[in-house]
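Q: Now for the letters of each chain:
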Amino acid sequence: MAAGDLEVQLISPTQFAKEKVQALQEYALLVGQALANLFRRPLYVTDMIQQADLIGVGSLPIVILTGGFTGAVLALNSASTLSRFGSLTLIAQLVSVGMVTELGPVITGLMVAGRNASGMASELGSMNVTEQIDAMRALGTDPTKKLVTPRVVATVIMLFFLTIISDLLGLAGGNMVSTLLLGLDSRQYWTSAWQSLVWRDVTTGLIKPVLFGFVISTVGCYFGMSTRGGTQGVGRSTTQAVVVASVLILVVDFFVTKLLIALLGYR
Amino acid sequence: MPSPTLPLETAAADTRQPSAEAIRFEDVSLAYDDRRVLDSISFRLPHGETKAIFGVAGSGKSTLLKLALGLIKPDSGRIYVLGEEVTQMSENDLFKLRAQIGMVFQESALFDSFTVRENVAFRLMEEGNVSEDEIERRVREALSFVELEHTVDMFPAELSGGMRRRVAIARAIITQPEILLYDSPTGALDPVTSTTIVELIVKQRDVYKTSSLLVTHRLQDAFIMATHAFDRKANKMVALASGTRCEVPMAFLILREGKVIFDGDLDELAKCKDEYIREYIS
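These protein sequence lines map, in sequence, to chains X and C. The letter at position 243 of the first sequence is residue 267 when you use the numbering used here, and the numbering goes up by one with no holes. The letter at position 276 of the second sequence is residue 402 when you use the numbering used here, and the numbering goes up by one with no holes.
Just so you know, these hints were derived from the structure itself, not from any lab. On a predicted model such as this, the values are computed, not experimentally measured, just so you know. The beta carbon of each residue, even a glycine, is placed where N, CA and C say it ideally should be. There may be inaccurate statements among the hints.
[What the hints assert, rightly or not] Partner residues are not named here, just some residues of chain C that face chain X (Cβ under 10 angstroms, in silico):
no.	residue
1	218
2	222
3	224
4	225
5	227
6	233
7	253
8	294
9	298
10	317
11	403
12	406
[As the list claims (entries may be wrong)] Capping the alpha-carbon separation at 27 angstroms, the derived lysine-lysine pairs in DSSO-like fashion look like this:
no.	chain 1	residue 1	chain 2	residue 2
13	C	192	C	222
14	X	170	C	222
15	C	335	X	42
16	C	222	C	199
17	C	192	X	170
18	C	335	C	192
19	X	44	C	199
20	X	170	C	335
21	C	359	C	335
[Stated by the list, open to error] Chain X side only, calculated, beta carbon under 10 angstroms to chain C, not exhaustive:
no.	residue
22	82
23	146
24	147
25	159
26	163
Whenever a hint applies, use it, and build me the whole structure from the sequences.
A: Spelled out as structure tokens, the structure:
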């Protein structure tokens, strides 16, 4: 490659910064429109239900599997450490708090991001590069109202319920390991798991999926709606949507946890 | 191509002011990055007129249509559509204006997850106050106009390129808009299918007398339109006698490097001495 070619391909730091700021601005605008559309008619309830089915019911198998195995492996890994201190009975408490406050929301969020942020980016991206989004605008319909808002609402609602299912399956997975492999009493496990949970844990565990659902859907829709460059561009948008949504879930998780600790205090 | 008998007695009689304009561009300029696409473009489309826009690839033809619809904003200049200045309108106000404009996109831009029925009915369904029976009747009528009634339950992927264009035309005309914008409706089609599409456009022009902008790089399409008219009795497109012009005015606009180099009717085009235009139309 000649030096001249390299020069053409490199982007100046100023231009790079401008592009990132512009992307952030466009994302903020899309988020604002998606939220404002909740108060404007029509609401596209049918589209919301359809998306809820695709996102919620469609993601159920992976959420059941990942939730169940995460709880099981958490119990398995904790067992050796706890047994060293003679505290194997605390395993239910550990699995319960770990799943409900942290692993349930995050693992479910990452799974749904992998499955649905990519789906939204590729679907809307394909519509964009084939001028279907422009056609929708030309036909007098607001694409953010018809395509973005239903996806945001459906993801937020369904991720909330998927996380509850994941938490429950995680506890069940932990129970299986505790009773079948470690010989603990099942009734004692469930009692301990239930009693160890406090209001703060449940609140934390249920606020997170709402925020994660919002991040997943808005990021997926943003990359889809801003897709350029044909099929290659669709592929690029899909990858970017999954990567950005996954990273943002972990970043948001940290800050939300910190904020909730500040507001609700430590256990 | 013989066309079916249509319920066209309700076709719009042109009651608008003959001098009123459907579209007016005033010194419109647009650049993408450092490339100037349109350079001080000015032209007007009177009500009821059909204007064919020519130009080589990349001369800004399709951009003109997107500007007229308000899908993109110009860097400078003003655009008036049906008396409204689209360059100053918000997106929400533009949605209302666009309800009076039909657009046929270059690659049809049909919604690929919808059936032909849902595509054609999209605008009516979005209006929300049209009954199911009325939607079905108007979908059938629009599809009958483009002779594709049998495709009503098919998906766009199951249609040929020419059929997709015809469905796109049906979707554009279902609400009988005041303005129609065609973006290369015959692009990448074989000559026979192209003639079918041109006949549909002529039929739409002569029956409904809708003001239209037609972007094309196929001169023969525009010349066929200028020299033919739709005979409602024979229900097909027929050539006009030599020296006669069709009832609906037809004009031509040629773009070169983002500038308008010709804007006039067929007679003026034939008399034009400009070397580039002579070469272009030869």
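Q: Going through the earlier hints one by one, which of them does the structure break, listed in rising order?
A: Of the numbered hints given earlier, those the structure breaks are 10, 11, 12, 15, 20, 22, 23, listed in rising order.
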